[in-house]
Amino acid sequence: MVDPVDLLPGGTLDTGLLNTAVNTLVDGVNANAASMDVFFILFSGYLVFLMQTGFAMLTAGSVRTKNTKNVLLKNVLDACVGLVAYYLFGYAFAYGPSSNPFLGHSNWALSDNTQDFHVFFFQWTFAATAATIVSGSVAERTSFYAYLGYAFFLSGFVYPVVSHWVWGGGWLSDIFTVGAKDFAGDAVVHMVGGFAGLAGAVIVGPRIGRFDADGRVVPMPGHSATLCTLGTFILWFGWYGFNPGSTLGISNQSPDANYTATAARCAVTTTIAGAAAGVTTLIVIKLRDHIFDLLTILNGILAGLVAITGSCPWVEPYAALVIGIIGAFVYMGAAAALLALKIDDPLEAFPIHGATGLWGAIAVGFFAREQLLFQSGYGNDQGWQGVFYGGGGRLLAANLVMVVAIAGWTLFLIAPLFVVLNVVGQLRIPREMEIEGNDISKHGGEAYPPDAVITEEMLAQKTIDNLGMDESVRRDPSGEASAV
Amino acid sequence: MVDPVDLLPGGTLDTGLLNTAVNTLVDGVNANAASMDVFFILFSGYLVFLMQTGFAMLTAGSVRTKNTKNVLLKNVLDACVGLVAYYLFGYAFAYGPSSNPFLGHSNWALSDNTQDFHVFFFQWTFAATAATIVSGSVAERTSFYAYLGYAFFLSGFVYPVVSHWVWGGGWLSDIFTVGAKDFAGDAVVHMVGGFAGLAGAVIVGPRIGRFDADGRVVPMPGHSATLCTLGTFILWFGWYGFNPGSTLGISNQSPDANYTATAARCAVTTTIAGAAAGVTTLIVIKLRDHIFDLLTILNGILAGLVAITGSCPWVEPYAALVIGIIGAFVYMGAAAALLALKIDDPLEAFPIHGATGLWGAIAVGFFAREQLLFQSGYGNDQGWQGVFYGGGGRLLAANLVMVVAIAGWTLFLIAPLFVVLNVVGQLRIPREMEIEGNDISKHGGEAYPPDAVITEEMLAQKTIDNLGMDESVRRDPSGEASAV
Amino acid sequence: MVDPVDLLPGGTLDTGLLNTAVNTLVDGVNANAASMDVFFILFSGYLVFLMQTGFAMLTAGSVRTKNTKNVLLKNVLDACVGLVAYYLFGYAFAYGPSSNPFLGHSNWALSDNTQDFHVFFFQWTFAATAATIVSGSVAERTSFYAYLGYAFFLSGFVYPVVSHWVWGGGWLSDIFTVGAKDFAGDAVVHMVGGFAGLAGAVIVGPRIGRFDADGRVVPMPGHSATLCTLGTFILWFGWYGFNPGSTLGISNQSPDANYTATAARCAVTTTIAGAAAGVTTLIVIKLRDHIFDLLTILNGILAGLVAITGSCPWVEPYAALVIGIIGAFVYMGAAAALLALKIDDPLEAFPIHGATGLWGAIAVGFFAREQLLFQSGYGNDQGWQGVFYGGGGRLLAANLVMVVAIAGWTLFLIAPLFVVLNVVGQLRIPREMEIEGNDISKHGGEAYPPDAVITEEMLAQKTIDNLGMDESVRRDPSGEASAV
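In order, the protein sequences belong to chains A, B and C. Per UniProt numbering, numbering through the first sequence is continuous, rising by one, with the last residue being 484. Per UniProt numbering, numbering through the second sequence is continuous, rising by one, with the last residue being 484. Per UniProt numbering, numbering through the third sequence is continuous, rising by one, with the last residue being 484.
What the hints contain is simulated information worked out from the structure, not anything from laboratory work. Quick caveat, the model's predicted, so the values are computed rather than measured. Everything hinted at is true.
Listed next, the stretches of chain C that the computed footprint assigns to chain A, with coverage defined by at least 3 CB atoms under 8 angstroms from CB atoms of chain A: (1) 9-20; (2) 35-46; (3) 233-242; (4) 274-284.
Glycine included, every Cβ here is placed at the ideal spot set by N, Cα and C.
Sequences are here, hints too, so could you generate the full structure?
Put into C-alpha cells, the structure is as follows:
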C-alpha cells in the first residue's frame, strides 16, 4: 500500500517530498512485480507437484492389480522421501550460493535462512518428477528398499548436480560461450529420469512372463485404461506448470526480456507439440497395428510434451508441431527397440522421457530463434540460434555435450548402484512374490480387497451370521426404527 | 524492474529527469497490470483445459465397460484433433484481424506472429469444451471416423464462427445496438455442443436395448458412479477458469470497469447456481423417484453451472440462486422430454448443455444489471439491462436472436453432416460391434483386462506353468535371494 | 491503464499536473496490488474447493462398494448444502460487519452488496472442508437426513461462530492480549470437523462387524487403495490453497509485513511437514506391523499437513519437520486409542483432523517466531513468540484456551444433536439396510452396476435376444453397413 501524497503543501512544490514519492512508487512497482513472480512460481510449482498424482494414476493403471498398492506407494514416497533428500542435501548441491562448476555446497537444509523459499519449492517439484519417472521402468519386480535407496540418491544428489550444471551456473551453463540451453529440463529432468529408468530396467530384468520362451513379447496390459487416461490428462495439466512456469517469473522485470510473452508462448507450443504427437501416434499405430490404440496415444501425447520441454519458449508454433511429430516417432521407435532388445520398461519411461527427452534437448539446437531467446531472458548479443535459422552449430554442439554428459553422469552413478544391489540380492523381489504380487506380501493386502465388494450372492443370502458382528451391537442395534 | 532515480542532482529538481521517471513509472504500472492479466488468463485457461479430464471421467463412468476406452479416446482426441483444427483454421475464423461480420479470415496457424498467444490458448480451451460435449450424446454406438470428422469440423469451423459472431466483433455483437451478451458462453459454447449432440443423438439413433419393444426406457447405467463424481467435481473446479476467467483480465485497467470485482462475483455466482441446482435436483428427484439419486444430482449441478455461465458477472447472488434452480428444472424437463421422444443421449448432454445453455443465455435478458455490465467492461451509457430491472426487452431480444441463430447454425451444419454419414453407412458402428463393445474390436482390448486382475484361484494355484514365462528367466531368476 | 503524461507542457513543469500524475500512479500501484491479492485469494480458494474432490475420492476408496454412492453423495452435498447454509447465514455469523465478540449478525445472504465476494468465496471453501471431515467419521451407517441436518448446522452456524472467534475479531482474537493464533485453521477448521466427527462416531456406534464378539478389531478395508491415493494427492495439492492461501494476499501491502515471503514459506513448511509425517508413518508401521502400509502412510501425510496448518508461516523449516513427525505420532496414537475404545471412525477423521489439529494448534505456542509473525502481518511490538524461542507461555496459553473452547463448543452443539437424533431413531440406518448397503436401498442401485460390465460369458453367447431391444431398432438398425 503506497500512501497518497500532497506534493504541493501550501501551493508550492516540495521537491524533497517529490523525490521520496517517486522513489516510493519505484519501490511499489518493483514490489508488485516481485510479488507477482513469486505468485506465478508458487502456482506453477503446485501444478508440477500435481504431476505426482498424474504419474501415480498412470503407473497404477499400467500395472496389474496385484502390484497396485506397491506402485502407488512408490509414487507417494517419491514425493516424501525425495523431499527429505532434496531439503537436506539436494537444494544445496543444486543452488547453494557457495558453488563451483560441478556442484553447490551451502544452504544445507535451507540453513541460510534466505527468502527464496518459492525457488526451493519449485525446484523440489522438478526433483520429484525426475525421481518418479524411474519408478515406471522398474515397476512390478523391484525391491522396496532398492527403490527407497535410489529415490533418495537421485533426488538428493544425481539430479541436483545435473541441475547445477545447466541451471545453477555450472560448467554446462556457459560451455562454448553460448551455454547449453534446456528451458524446462528435457535433459536435466527427463533424461535423468529416463536413463536411470533404463539402467534399472536392464539390470533388474524383465517381469516374469513378459517375453515367452522364443523371446516374443507377451502382452501384459495394465488393469485400468481409465486410470492411465486420468493420469495422462493430469500430467498434461501439470505440464503447464512445468513449461510456462520455468520462465521463473511472469512480470517484465528486465528491459531486454518479456517474461509474459515467454510464458504464454510456452503454453501454446506445449499444447501444440502434445496434441500433434497424439495425432501422429493415432495415425501411425492405426496404420501399423490397425487399432485406435488409446494407451499408445496417451504415451504419444506425453512424448510430445516431453519433446517440447527443452525448447518451448524459443520456437515458433509450426516448429512445435514438427518437434511434437518427430517426438512421437522417437518415442515409438525407442519403444519398439526396447522390446526388440527384450528390455521390459512397463511404463515406457525410457522411450518417453529418456529418448524423447534427448530429442527435445537436441531440437533446441535446430529450432531456437535468437529473438525468442532474448525474449525469454536468455539473451546475449552474439547471434547464436538454431541451425535452421542460420545460427551455425554452436548451440547444437553445446546441447549435444549436455545430453552426452547428463546421460553419462546418470548411467555412471545409477547403473553401479543397481548392479551392486543386484549382486547382493537386494534389487529384485523373489520369484514367488513377483507371481503373487507385491501387495499381498508386503503391503498388507490387495488394492481392491474382495471383502470390500458386495456380491449378488451375499445379498441373496441376506444373513448376518457370517459377518463376525459384535454381539452387543447385534442385541441392541442403534437406530433400528429409523425410516431412512 | 524500474530503477530508483535521484530527481535532485546537485540539490535542484531535474524536470526532464522527472518527466522521464514519471512516464517510466506509468509504463511500469501498466506493464504489471498487463502481465497480471496474462497470468490470470493462462491459469484460467489451464483450469478450462482440465475440464477435458472432467468430461473424460464423467463420460467413462457413464458408459458400460465395453466402450470405456472408446469414449476416453474420443475425449483425448477432442483436445488433440481439436487443437490442430483450431490452430490451423479455427482461431483465424474466430479472431482473425481481417474479418467481416460473419467470420475472420487471417492469422491462419498463428502466422501473424502476434503476441496474443495467451488469447489463443484460452480460446482453444473453449473450443475443446464445445467439441467434447458432443461426444457424450453419441457415445457407445458412433463410428470413430465420423467422430473424428465432426470433432475437426466443429473445432475448426462451426464453433469458431459462432464465437466470432458474439465475441469477435461479428454481427451478433452489436445487434439491436445493445448487442447479444453471453459472458462465458452459454449460447456460444454450451448450446453449440449441446445442439450438435442432439442432432447426433437423433440421427445416430438410440443404443441397442435402450428402449424396449413397447418403447419403455430400459435403464442402462454406466459402470462407475465414482468416475462420474470425480468428473463432475473436476468440471466444477474447471468452471472457475471458464466463468471468472472469461473476464479476460483481473487488473482494473479501465477507469469504467472493475475486472477484479467482476471475476470475484463470477466465482460466487457460479458456486451459488451450481450448488442451488444440486440441492434442487436432490429434492425433486427424491419427491419424484423416492431415491437420493447421485447421478442425477451430479448432472443437476452441471446444469446449474451451465445456467449461470452466460450471466455470471452481471447478476446478484439471489439471482444466481434463482437461475440455478430454474436451470435444474430445465435440465430435468429436457431429460424427461428426450426419453419421451425415445432419443438416447447417454450423457444427457443436450439437457445439460443445450437446453440449460439456452435458458442461461435467456436469463441474461431478465437478470442482468446495468451497473454490473459496466463493472465487467461491457458498459455503455444507454440504460440497457434485464427485464426484471426495468431495462425493457432489448437485451432479451438480442439474446433471443442469438440463441435462435446459434441453434440454427449448429443444426444447419451438423445435422446434414450426420445425415450424409448415416446414408453412406459411416455414422453408426455395426450391430455386432455395438453389442460386443467398441473396445475389443477397435481399441485392442478391454479397458479393464481380466488378465490384469489377480484372482483368488490364481493365487491358490500358486503355479507359474501357465504364465508363459521366458525360459531363460525361469532358469536364472534375478534376485532370487532377495529378502524383500 | 494509467495514461502517459507530459509534465513539461511548453517546457515548464506543471506542478498541478505532476501532483495529479503522482497520485494517479499511487492509485495504480495500489490497484495492482489489490487486484493481485484478489487473484491470489480466488485461485487459492479454487484449490481449497478441489479438496472436496480429494475428500470424496478418499472417502469412496475407504468404504465398501455397497456404500460408495452414499458417501460420494454426502461429499457432493457438503459443498452444495453447505454453500446454501453459508450463503444464507454462515458468512453473516462469521464476518458480518455488525458483530459482537461471540458472532456477527449482518450481511445475511450477501445482502450488504459489498465488494468482498472473493472473501466470501474463500471462506466458504473452508466451511465446506470442515463439514466434509465429519462425513468420514460416520460413514456407512448414518441416516441421510441426519447427515443433511448436521451438514447444514455445521456449515451455517457451528463453524462460522468459531471462525468469528478467532479470525473475525471475536473474543479469542485478542485473548491474553496476544490473541489465539491459528493461521490456516488447525483449531478453527480441523478440530471442528474432527471433534464433530468424534461425537458422531461415538454416538452412532461402530459399523456392524467392525469389532468381533471379543471386542477385537475386524479389518474392514475400503474398496480401492487407488482412490485413496488419488484423494490424498488431491488433498495435498489443495492444501497449497489452504495454507499459503490463508495469507489472504500475496502483495506486500503493508510496510510491516511481507505477504510474498509468508506465502512462500507456507508452501515449503507445508510440504516438509506432510512429507516428514509420511516418512515417519512408513518407518513406524513397518517396525510395528512389518508392512509398508500405503493407506496408513496416506493418512500420515494428511496428519502432517494438518499438523502444520496452524503454524505454517511462523516456523522454520526444521520446525516443520519436527511438527510433522510429531503429528504422525499423534495421528497413530489417536487412531490406536479409538480402536482400543471400540470407536469406529472409518476415515480416521478424528485422529487426523481432531487430534492432530489440536497438536498443530498447540505447536504454534512452541515454535512460532516473532519475526515471522511480523512478516505474516500478525505482528505486534510485544515480544510474544513460541516457548522454544523464549517467548514465555502467553501465546501457548492463548492457544490452549482456543483448543479447549473450540472442542467444547463443537461437542456442546453437535453431541446433543446426534443424541437427540439417535433417541428418536433418526441417526442410524436400519440393520438390514446397513448389511445390504446404502446404495441399493436409497440411491437407486450400485455404484458399479454389474449390468454395465461385459463379461466373457456375455461375449461368448453373442446373442442379442436377452438385451431387451426395441423391435424397431432390431428390424432396421442404423449404420448396419458401416465399416467402422
